[in-house]
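As given, the protein sequences belong to chains A and B, one line each in that order. So the number in my numbering is just where the residue sits in the first sequence, counting from 1, plus 947. 10 is the number that my numbering gives to position 13 of the second sequence; each next residue is one higher, with no gaps.
None of these hints come from the bench; they were simulated from the model. Backbone N, C-alpha and C define an ideal beta-carbon position, used for all residues, glycine too. The reader is advised that the hints may include incorrect statements.
[To be verified] Only pairs whose alpha carbons sit at most 35 Å apart, straight line, appear in this in silico DSBU-like list of lysine-lysine:
#, chain 1, residue 1, chain 2, residue 2
1, A, Lys1026, B, Lys9
2, A, Lys950, A, Lys1026
3, B, Lys5, B, Lys100
4, A, Lys1031, B, Lys105
5, A, Lys1031, B, Lys343
6, B, Lys100, B, Lys9
7, B, Lys5, B, Lys162
8, A, Lys1155, A, Lys1026
9, B, Lys141, B, Lys165
10, B, Lys162, B, Lys218
11, B, Lys5, B, Lys218
12, A, Lys1026, B, Lys5
[To be verified] Estimated spans, in silico, between C-beta atoms of each pair:
#, chain 1, residue 1, chain 2, residue 2, range
13, A, Asp1061, B, Ser48, 33 to 39 Å
14, B, Asn377, A, His966, 23 to 29 Å
15, B, Leu285, A, Ala1006, 44 to 50 Å
16, B, Asn377, A, Glu964, 41 to 47 Å
17, B, Leu8, A, Asp1120, 25 to 31 Å
18, B, Tyr370, A, Val963, 30 to 36 Å
19, A, Ala1137, B, Gly366, 47 to 53 Å
20, B, Leu274, A, Asp1129, 54 to 60 Å
21, B, Ser267, A, Gly961, 25 to 31 Å
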Amino acid sequence: MIKVEDLRKTYRAGLVEVHALRGVSFEIDRGEYVAVVGPSGSGKSTLMHLLGCLDVPTAGRYIFDGVEVSALREDELAKVRNRKIGFVFQSFHLLPRLTALENVELPLVYRGVDTATRRERARRALEMVGLGARVQHYPNELSGGEQQRVAIARAMVGEPVLLLADEPTGNLDSRTGAEVLDLFQRINDAGCTVIMVTHDLNAASRAKRILRIRDGLLEGDERV
Amino acid sequence: MDFATSLKIGLKAILSNRLRSGLTILGVVIGVAAVIGVVAVAQGSQRQVTSQIESLGTYLLTVSIRGRGADRVLTCDEVMELTGGIDGVAGVSPVVTGSATAKYGTRKYECTLLGVNEQYATVRDLRLQTGRFLTQLDVSTRQKVALLGQNVVTELFGLSDPVGKEVKLNGQTFAVIGVLAPRGGGPAGTEDDQVLIPVTSAERLIGRRGVSTFYVKGRDKESVGQISAAISDRLYRRFRDEEAYRIFDQTQMLETITNISQTLTLMLASIAFISLLVGGIGIMNIMLVSVVERTREIGLRKAVGATRRDVMRQFLIESALLSGIGGVVGIITGATLARGIASAIKVPAVFPWAGAGIAIALALAVGIGFGIYPASRAANLEPIEALRTE
Ligand SMILES: Nc1ncnc2c1ncn2[C@@H]1O[C@H](COP(=O)(O)OP(=O)(O)OP(=O)(O)O)[C@@H](O)[C@H]1O
Ligand SMILES: [Mg+2]
């Protein structure tokens, strides 16, 4: 489902060029559960942003779900993000002025789903992550673990084929982190492809495949 | 994204920062209120002036003979001769003006004395309250009869009926034959202070022979112009001097005044419009701040699938809401203000419907116009860059 060929990303910070990815190639099939590991600054987040269509590569090809994503226009990328991909960030990124329910609704808002259906689906997504009783709460009224679960509900509400998570447990203690990982397991069991960046070896061990990144290159690709 | 949702998001954003939104809206309110207020007061005073001129009577020409000496006046017969045979004339009346002390018993009143003929009522659209008007016979036989204005009646007779009684005008006895209906202010002060007597009697009473002013009434708008030209022609042949006479065309004057006041209104409204522009700059300023503050929100919205258009629309709706609310409140404020000013300077208040429509449209245009730049800045943010901002 995912095929990247010689993917490169170079950031330009003033006069200095940072080669965050220096030619990465791999394939991932539908339904896989992949962990991406590597030292800080190795380019993991960069890779996730490219896979999540949040950024475009400097060079190389990225084919996702049969579409050459690296050739798409901006609003076509927005559509791919909206319909096919769910993204979970380390720092949740919930909108503080919206309730949990409204936050979860967001992807559906931009998909043009009518209000009633939107509400219903968002409510179900929140129930799925165990927050059926928290729909009217604002993010600052929720614990970190609960906020991340709202973020997961938001990522999953549109029933994407790919769930990307960049250190989803990085801001959580080990117990709430484990709850989040359980959720990912369930999501993967339901058939959704999951790719997760993590520093936590325990978390990585849950995945069925581990991609090791170092200095912008793919250093290892193990299946467990 | 549907419009209702965009609207809801916009309202929420505005309400989440009430003071700031309120101050921004205030800028628009002042601009719109200024436009509405200025136009309303200007139109009110224009209507006032217009109605004063119209109170002279419609399709009226005022002919004045200027200069001194016996050769620069006309006799009553000459006036009638001069205007005879011109098409479209509805009435002609010479006017001799002077002041007189009217006396009834022990009561006295300083009034304006007007010597006129029997056509004067037609010429000036006068109405009688009681009694009768002058007849041709009154004029030709120099009858000592008088018609009194409202103020004269009140001062001399109080509530009793003056018709049939006798008043003394500068010591001479006149029989009251009628009372003029109240008329209020004309351009030369109230006409309720007047006493009308036959022009022939007036010449004697005032001790001046000849007429230097007369009114000609046309049948309709078109004939007024032709009459004016014909009289001008005849007067020129009589005096051989264009400076010797002047013809005042009330209809033309009205048009001139309307033109002038429209230009003035437009000018004042443009000045007021500048303050609306300043309000627009206020909106732009706040929207720019808002884009910066909400960079992360924009990034997140884009990350979950908002397109450039979605973001653009969200911010445009927000600025349109700010200016639209400002516009509505501004119209209400402006109309209230105009009413206050109008009653203070004693002109009728006119609510400018067209002006209100234009002001709302302008306010929205200003809001959207000044919102485009901030909105496009928001729309062009890269999702990842935006999310990374603290
Ligand atoms: N917007 C940017 N501009 C310039 N350099 C950047 C930018 N984003 C990332 N980099 C650089 O690219 C390299 C890879 O960054 P990336 O965030 O992908 O690392 P990472 O593996 O996710 O690290 P961590 O584990 O600490 O999150 C780093 O050296 C980083 O400094
Ligand atoms: Mg990272």
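Here's how the hints hold up against the structure:
1. Lys1026(A) x Lys9(B): Measuring from Cα to Cα gives roughly 25 Å; hence the hint holds.
2. Lys950(A) x Lys1026(A): holds (19 Å)
3. Lys5(B) x Lys100(B): Given that 35 Å is the threshold and the Cα spacing comes to 78 Å, the pair is violated.
4. Lys1031(A) x Lys105(B): violated (101 Å)
5. Lys1031(A) x Lys343(B): Status violated; Cα separation ~70 Å.
6. Lys100(B) x Lys9(B): Not OK: Lys100(B) and Lys9(B) at ~78 Å, beyond 35 Å, violated.
7. Lys5(B) x Lys162(B): Not OK: Lys5(B) and Lys162(B) at ~80 Å, beyond 35 Å, violated.
8. Lys1155(A) x Lys1026(A): holds (29 Å)
9. Lys141(B) x Lys165(B): Distance of about 10 Å is within 35 Å: holds.
10. Lys162(B) x Lys218(B): Violated: Lys162(B) and Lys218(B) sit about 41 Å apart, past 35 Å.
11. Lys5(B) x Lys218(B): Outside the cut-off at roughly 58 Å; violated.
12. Lys1026(A) x Lys5(B): Within the cut-off at roughly 23 Å; holds.
13. Asp1061(A) x Ser48(B): 33 to 39 Å: Once the Cβ atoms are compared, 58 Å apart, the range 33 to 39 Å for Ser48(B) and Asp1061(A) is violated.
14. Asn377(B) x His966(A): 23 to 29 Å: holds (26 Å)
15. Leu285(B) x Ala1006(A): 44 to 50 Å: violated (35 Å)
16. Asn377(B) x Glu964(A): 41 to 47 Å: Given a distance of about 24 Å, which is not inside 41 to 47 Å, the answer is violated.
17. Leu8(B) x Asp1120(A): 25 to 31 Å: violated (38 Å)
18. Tyr370(B) x Val963(A): 30 to 36 Å: holds (31 Å)
19. Ala1137(A) x Gly366(B): 47 to 53 Å: With Cβ atoms ~49 Å apart, the hint holds.
20. Leu274(B) x Asp1129(A): 54 to 60 Å: At roughly 59 Å between Cβ atoms, Asp1129(A) and Leu274(B) fall inside 54 to 60 Å, so the hint holds.
21. Ser267(B) x Gly961(A): 25 to 31 Å: This hint is violated: roughly 48 Å between Cβ atoms.
In the structure shown, a violation is registered for the earlier hints numbered 3, 4, 5, 6, 7, 10, 11, 13, 15, 16, 17 and 21, in ascending order.
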